[in-house]
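S.K.: So you can see what is in the structure, the chains are spelled out below.
2 protein chains.
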Amino acid sequence: MQSIANINIFISFTEILTQMKKQGETTIHDIARKLNIAASTVSRALNNNPIISEPTRKLIEKTAKEMGYRPNTLAASFRTKRTNMIGVVLPLINRHFFSSVISGIEEVAYSSGFAVTISQTNDNFEKEEKIIQTLFSNRVDGLIVSIGMQTQTFNHLKLFSDKKIPLVFFDRVVEEIDADKIVVDDYRGGFIATEHLIEHGATKIAHIGGPLNVKIYKDRLSGYKDAMNKAGLPIDENMLIHNSLTREDGTNAIKKLLLNEEKPDAIFCANDTTALSVIIYLREHGIKVPDNISIVGFSNEPFSELVTPSISTIRQPGFEMGKKAAELLINHIKQKEQHTSSQTIVMPTELIVRESSGRD
Amino acid sequence: MQSIANINIFISFTEILTQMKKQGETTIHDIARKLNIAASTVSRALNNNPIISEPTRKLIEKTAKEMGYRPNTLAASFRTKRTNMIGVVLPLINRHFFSSVISGIEEVAYSSGFAVTISQTNDNFEKEEKIIQTLFSNRVDGLIVSIGMQTQTFNHLKLFSDKKIPLVFFDRVVEEIDADKIVVDDYRGGFIATEHLIEHGATKIAHIGGPLNVKIYKDRLSGYKDAMNKAGLPIDENMLIHNSLTREDGTNAIKKLLLNEEKPDAIFCANDTTALSVIIYLREHGIKVPDNISIVGFSNEPFSELVTPSISTIRQPGFEMGKKAAELLINHIKQKEQHTSSQTIVMPTELIVRESSGRD
DNA sequence: AATTAAAATGCAATCGATTGCAAATATAAA
DNA sequence: TTTATATTTGCAATCGATTGCATTTTAATT
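These protein sequence lines map, in sequence, to chains A and B.
So that you can map any letter, position 133 of the first sequence is 133 in full-length UniProt numbering, and since no number is skipped, the others follow by simple counting.
So that you can map any letter, position 83 of the second sequence is 83 in full-length UniProt numbering, and since no number is skipped, the others follow by simple counting.
Please note: incorrect hints may appear among the correct ones.
Treat identical chains as interchangeable: a pair holds within one or across any two.
Under the rule of at most 27 Å between Cα atoms (straight-line distance), these lysine-lysine pairs were calculated in the DSS-like manner [unchecked claim]:
#	residue 1	residue 2
1	LYS130	LYS81
2	LYS158	LYS288
3	LYS130	LYS323
4	LYS127	LYS323
Derived from the structure by calculation, the hints contain no laboratory data.
Can you make the complete structure from the sequences, with help from the hints?
M.R.: This is the structure in structure tokens:
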């Protein structure tokens with residue numbers, strides 16, 4: 001009788017052990033033990049390594065499913081030093097352009113077996129630094145970045161380029177760092193926007209632009225200037241305003257422009273948000289758009305076609321940029337070795353004419 | 001001479017070794033070796049464990065910085081089973097409501113030392129499943145979720161609730177799963193929206209709603225019905241349409257409603273997107289809003305106040321919901337043990353009256 | 001100087017999956 | 001049947017940080 005009691009005790013112990021296991025996770029070792037094979041075989045089978053015979057693989061897969069096995073990516077990533085994860089860092093996800101880029105990135109990444117983790121910096125430098133440090137510590141396989149407006153030093157990004165971790169910039173790129181870049185033809189965008197205003201008879205064209213340490217805003221300004229020069233129009237410094245392009249900045253900018261001795265008869269805004277502020281302000285003050293002042297924005301935010309008057313703007317192919325960025329990045333990740341020289345891809349911009357510049 | 005040559009060879013070997021090390025990463029073992037101490041001491045020092053004396057900590061920190069040490073979060077997470085990462089899964093990041101929620105989550109998470117990884121499902125069930133599997137495999141410490149419109153089975157989410165991994169739902173919640181939930185008072189939102197239309201003299205009020213398997217849309221519909229009943233107005237089944245609430249769905253819905261024998265004199269739309277479609281369609285067909293038909297939307301998307309006529313709508317406190325969700329989640333993560341009973345937090349909704357329902 | 005307590009540091013196992021190489025088994029050829 | 005070859009599977013080390021427990025060092029007390 002005593003031995004039976006012992007057996008019972010033994011059984012309940014194993015039950016407890018099983019129970020405890022259930023608390024934690026099933027590992028390949030649990031599967032291996034159950035099937036009386038080696039963990040390495042289980043690992044290979046679950047990774048579809050052709051070196052494992054069909055019957056064993058089938059058996060292992062079946063058992064894994066039965067036991068509710070979930071791979072511990074953390075362990076695998078730690079061992080292989082590959083996370084199959086790409087990080088996306090950008091200023092603000094709630095901008096149509098940026099979320100289009102994200103969709104493009106996701107499309108390519110998911111179909112290549114990569115997960116995507118998205119972070120927004122809110123154009124805050126400290127947050128950008130912290131996020132990028134975290135992504136590095138989490139050992140993402142690569143990074144797709146559009147920097148913030150305040151960002152003027154790049155050590156956090158050099159961390160990646162120095163260590164040869166694939167890095168791709170888009171839109172707001174860092175010229176000082178050698179990496180692939182996907183940009184839009186901002187110069188041409190600024191040029192055709194301004195030229196369009198000129199063609200409609202404007203001669204005193206103001207520009208509300210972004211901070212000049214950011215290349216895209218510098219380029220848009222250059223486009224504006226060249227179009228002015230080409231038409232033989234003078235560039236009045238009082239007509240140039242640079243700020244952070246928020247709703248509020250836009251309102252302040254138009255207020256200031258209207259205080260000028262010479263009022264503008266057209267404004268080229270470096271984004272749609274400021275164009276919107278300007279339009280609303282002018283509407284509230286009885287100044288007709290486009291009759292008195294015509295406006296062109298930049299980016300083609302969805303609201304641009306909804307507001308009255310609808311905003312003429314420059315379209316940027318966000319989705320395509322995202323796809324391209326992800327393709328380049330994944331390419332680099334896969335052929336780790338040879339660091340092919342970096343390329344910069346320039347996507348076309350396109351003018352969309354709407355009411356704010358006088359559709360005709 | 002020969003010995004000197006040997007020394008030279010030796011030196012160049014160590015140089016090569018150093019070089020090779022530089023390729024890889026500095027680890028706590030490298031630091032320990034350099035300082036002739038144990039790796040455990042380094043680990044403790046860098047984690048500010050008070051058991052390490054001040055001088056040693058200082059020395060270690062200094063050396064770590066000099067050697068360019070970057071913690072390998074992967075290794076630490078693997079060992080401790082804590083990633084300090086919370087996953088956020090939602091249908092679409094490019095919706096003002098959702099991105100407000102994200103900002104709220106981030107605010108709380110970052111200040112508590114958690115990283116946030118954001119994923120969008122595009123209301124696609126397979127993608128939602130895959131994302132959540134991936135987040136589980138990556139062992140996030142907790143999950144904040146708003147499910148997709150197509151989601152009707154919940155095994156992917158049970159994965160978390162079964163394993164007692166903290167889980168918080170917001171907005172589009174799953175009733176069947178026992179977890180904390182943050183919702184808006186959708187019922188009341190539907191009620192006050194409809195009542196508002198009634199007060200403005202409407203009697204034939206249509207409703208364009210979402211799929212009824214999603215609780216928020218069911219609640220908005222209930223609010224609508226109760227307001228109608230309270231006013232003694234009949235509910236005409238022909239006035240009720242349910243779809244996925246896209247731009248296109250909205251256009252189709254208004255077309256269909258206008259084919260009814262009895263045309264509606266007001267429409268309560270379950271989101272602003274369909275309200276927008278309706279307004280644009282009516283504008284294009286010469287039907288005056290709000291004179292002929294008045295409209296109320298839901299969510300207070302930014303475009304709602306920009307379009308002409310501006311859209312009356314229901315405000316949802318996205319940012320606060322996000323903060324609350326993160327607080328609850330992090331609370332759970334920290335006091336892992338006692339599973340306090342789940343709570344559902346209901347946030348207030350608020351009517352914003354604009355032109356589309358006749359401001360007065 | 002001897003004893004004891006407290007403070008600081010070190011040892012070594014551990015987490016779960018992967019992988020080079022060795023061993024065992026099955027299959028084919030002699 | 002034996003040998004050679006191909007096919008499967010197993011062994012054991014490894015990745016980097018953490019942590020319970022043991023050991024050493026320092027300080028305090030008698």
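S.K.: State for each hint whether it applies.
M.R.: Do the hints match the structure? See the list:
{"no.": "1", "hint": "LYS130 <-> LYS81", "in the structure": "both (22 Å within a copy, 22 Å between copies)"}
{"no.": "2", "hint": "LYS158 <-> LYS288", "in the structure": "neither (49 Å within a copy, 58 Å between copies)"}
{"no.": "3", "hint": "LYS130 <-> LYS323", "in the structure": "both (26 Å within a copy, 20 Å between copies)"}
{"no.": "4", "hint": "LYS127 <-> LYS323", "in the structure": "both (26 Å within a copy, 18 Å between copies)"}
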